[in-house]
Amino acid sequence: MDDDTISRLKLNQQITERPFRSDVPIVGGLIVRFRMLWNSISTLWYVRPLIQQQNEFNAALVQALEQHLSELDAHLLELDERLVDLDYDQVALAHTLAELQYKVIQLSHRESQGSGAGDASDALLALEE
Amino acid sequence: MRIAYYSPLPPQRTGIADYSADLLPELAGVADLTLFVDEPAEVLPELGARYELRPAGKLPGLRWSYDMVVYQVGNSLFHRNILRMAYQYPGLVVLHDETLHHLISTITAGEGDFPAYVRELAYDKGVEGAERARKISAGAETPLFSWTLNDRLVDLSLGTLVHSRSVQRRLLSAHPQSQIGYVPQAMPLPARRDRSDVRRRLGIPVDTFVIVTCGGVTPEKRLDLVTEAFLKLRAEYGKVYWVVAGASAAGGQVWYDRIVRAGAETNTLVLGYLEDMQAFNDAIATADVCVNLRDPSAGETSASALRALSLGVPVVVSDTGWYRELPDTVCARIRHDGTEVSQMVDALASWYLDPGSCRAAGEAGRRFVAEQHDPRQSAGVYVAFIEKILGNVEMTYG
Chain A
1 MDDDTISRLK LNQQITERPF RSDVPIVGGL IVRFRMLWNS ISTLWYVRPL
51 IQQQNEFNAA LVQALEQHLS ELDAHLLELD ERLVDLDYDQ VALAHTLAEL
101 QYKVIQLSHR ESQGSGAGDA SDALLALEE
Chain B
1 MRIAYYSPLP PQRTGIADYS ADLLPELAGV ADLTLFVDEP AEVLPELGAR
51 YELRPAGKLP GLRWSYDMVV YQVGNSLFHR NILRMAYQYP GLVVLHDETL
101 HHLISTITAG EGDFPAYVRE LAYDKGVEGA ERARKISAGA ETPLFSWTLN
151 DRLVDLSLGT LVHSRSVQRR LLSAHPQSQI GYVPQAMPLP ARRDRSDVRR
201 RLGIPVDTFV IVTCGGVTPE KRLDLVTEAF LKLRAEYGKV YWVVAGASAA
251 GGQVWYDRIV RAGAETNTLV LGYLEDMQAF NDAIATADVC VNLRDPSAGE
301 TSASALRALS LGVPVVVSDT GWYRELPDTV CARIRHDGTE VSQMVDALAS
351 WYLDPGSCRA AGEAGRRFVA EQHDPRQSAG VYVAFIEKIL GNVEMTYG
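From first to last, the protein sequence lines are chains A and B. Residues 1 to 129 in this note's numbering are what the first sequence spells out, letter by letter. Residues 1 to 398 in this note's numbering are what the second sequence spells out, letter by letter.
Derived by calculation from the structure, the hints in this document are not laboratory data. Heads up, some of the hints might be wrong.
Have a look at the derived ranges for each label pair, beta carbon to beta carbon [said to hold, decoys possible]:
1. B:Gly272 / A:Ala74: 53 to 59 Å
2. B:Ala247 / A:Asp73: 57 to 63 Å
3. B:Asp346 / A:Lys103: 56 to 62 Å
4. B:Gln377 / A:Asp3: 57 to 63 Å
5. A:Asp87 / B:Ala235: 23 to 29 Å
6. B:Glu128 / A:His68: 20 to 26 Å
In this text, a Cβ means the ideal position worked out from N, Cα and C, and glycines have one as well.
Please model the complete structure; the sequences and the hints are all you need to start from.
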C-alpha cells in the first residue's frame, strides 16, 4: 500500500446522504419534496446514526492504516540499513578471506619449493567444499 | 610468477580483447600465463596456439595453482561472467571503465532482477541508493554515467589497476584502504605507414585533408557534432575527407543521413568494423587528424586515440577524464559546452592551414606512446603490482 492509496481512501472515507432528484417534468419538484418528507418520517432517524457510525469507523480505519504504513516504512528503512550493513560486512569478510587464501597459497608455494612437498591447492579446495 | 588471466580475447569485438592481445606477449615474458575465456573454441587460433587456454568455468577449481587471478573488467556485456567471477573469487582487477553501471544494470534490472540492482545501488550509496533505485525504476533518473557502481568490485578485490591517473585519484579517495595502482594502457608502436600509399589503396584522394574517427561508433563519440564540423570545414576549404572506421551501434547512422543530405558522401568513407588490426591501422594512417570525442565519458582510456597517436596522427578529443592526461602538444581539446562544432572547426582548420605543426603534433604523439605506453613497461607494472599486493598480504597477516 502506498501514499496514493491512502490519499484515495481519505477522499472517500466520508459517506454522505445523496439528495433526491427527479427528471419528471412539471411534477418533479413535488415528487422530490414528497420523497424527502417520507424519508424524514420513515428512515432518516434510523440511517443518520448508521452513517455517523460508518464515518467514524472509516476515519479510524484510514488513520490506523496510515499509522501502520508509517511504521512499516520505518521498519523497512531499518531493515534496508541492516541489509546494507550486512552487505558491507560480507564484502569485507570475502576480501579478508581472499587475502588469507592468497597468503596460504604463497606460503605453500614457498614451502613446496624448499621441501619438494605438494602445495596447498588441494587442501584449499577441500576447505571450500 | 603464475598468473590466471581472464579477459575477452580477439576476435571478440571489444577494445579490451585487443588490449589483451597487445599486452599478452610482454606479460608472457615476465610471468607464466594461463588464459581463461568464456569460449576457448572461439578464440583466435594463433592465440590458442601461443598461450595455455582454458574455459572460465575451470577457474574456480584451478585458481589456487596461481599466484594471482587477473580480471580484465570493462563496462560491457563481454564482461558479464568476468565480473561475476571477480565478485565470487576476488583477485586483481584491471578496471578499464570507471563506471560499470551499464553492465550492472543490464545484468540485474535488465534481466528482471530489480532487487539485485537495488542491492548494488545500496552498496554504493547506502539506504539513499535503494531509494534512488525506485526513482530510476520510475524513469525519474538515468545515472548510468554519473554513478559508477564500482565500489563493490574495488572493495572485494585484492588490488585494482586503472589506466588513468584521475580515476586512480578518485578511487584512492573513495577507498583509502584499497590497493589502487596505475598502469599505462599498453599500446605497441606499429610500423610507420606511407600516408599517400594507404590513401591510394583505400581510394582516398592523396591531396586532401583527411580526418578519421575510429573505434566503435557509439552515441558518446558524438558523430553528430563531428559531422557538422566536417561539413563546415568542407564548405570552407573543399579538400576535406572523413574516414569512419569502427562498428556502428544500433541506430548509429543518423549522422550519415545528414552527410547524404549535404551531398558529402563522396568525401566520406565508412569502413565499419575492421577485424584485421593492420587494416584498422592503415585506415587510421590515412588521416592528418583523428577526431575522438567522448561525451559523456565512462572514465575510460581511449585505445583508439592512443592508436592514432602511435601512428603519428594527432587527436581532437573531449576536454574530460583521461583525455586531460594527454600532453597538450599532441591534441586539441573540445569543451562540451554547446560550442563544440566551432571549437572543432577552429582546431581542425589550424592544422589544415599549418601542415607542419600538424605533422609535429603527430610525431610528438608517436614519441609519447613509445615512451609512456610501451607494453613491456605495462607488463612490468602488472608484476610489480601483484608482488606489492602479495607483500601487503604478508605484512598484514605474516
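Hints, verified against the model:
Checked against the hint of 53 to 59 Å, the C-beta distance between Gly272 (chain B) and Ala74 (chain A) comes to roughly 57 Å, which is consistent with it. Evaluation of the 57 to 63 Å hint for Ala247 (chain B) and Asp73 (chain A) yields a failure: the beta carbon distance comes to about 47 Å. Asp346 (chain B) and Lys103 (chain A) have their C-beta atoms about 57 Å apart, which keeps the hinted 56 to 62 Å range intact. Range check, Gln377 (chain B) to Asp3 (chain A): about 59 Å between beta-carbon atoms, so the 57 to 63 Å window is met.
Checked against the hint of 23 to 29 Å, the C-beta distance between Asp87 (chain A) and Ala235 (chain B) comes to roughly 57 Å, which is inconsistent with it. A C-beta distance of roughly 25 Å is found between Glu128 (chain B) and His68 (chain A), which places it inside the suggested range of 20 to 26 Å.
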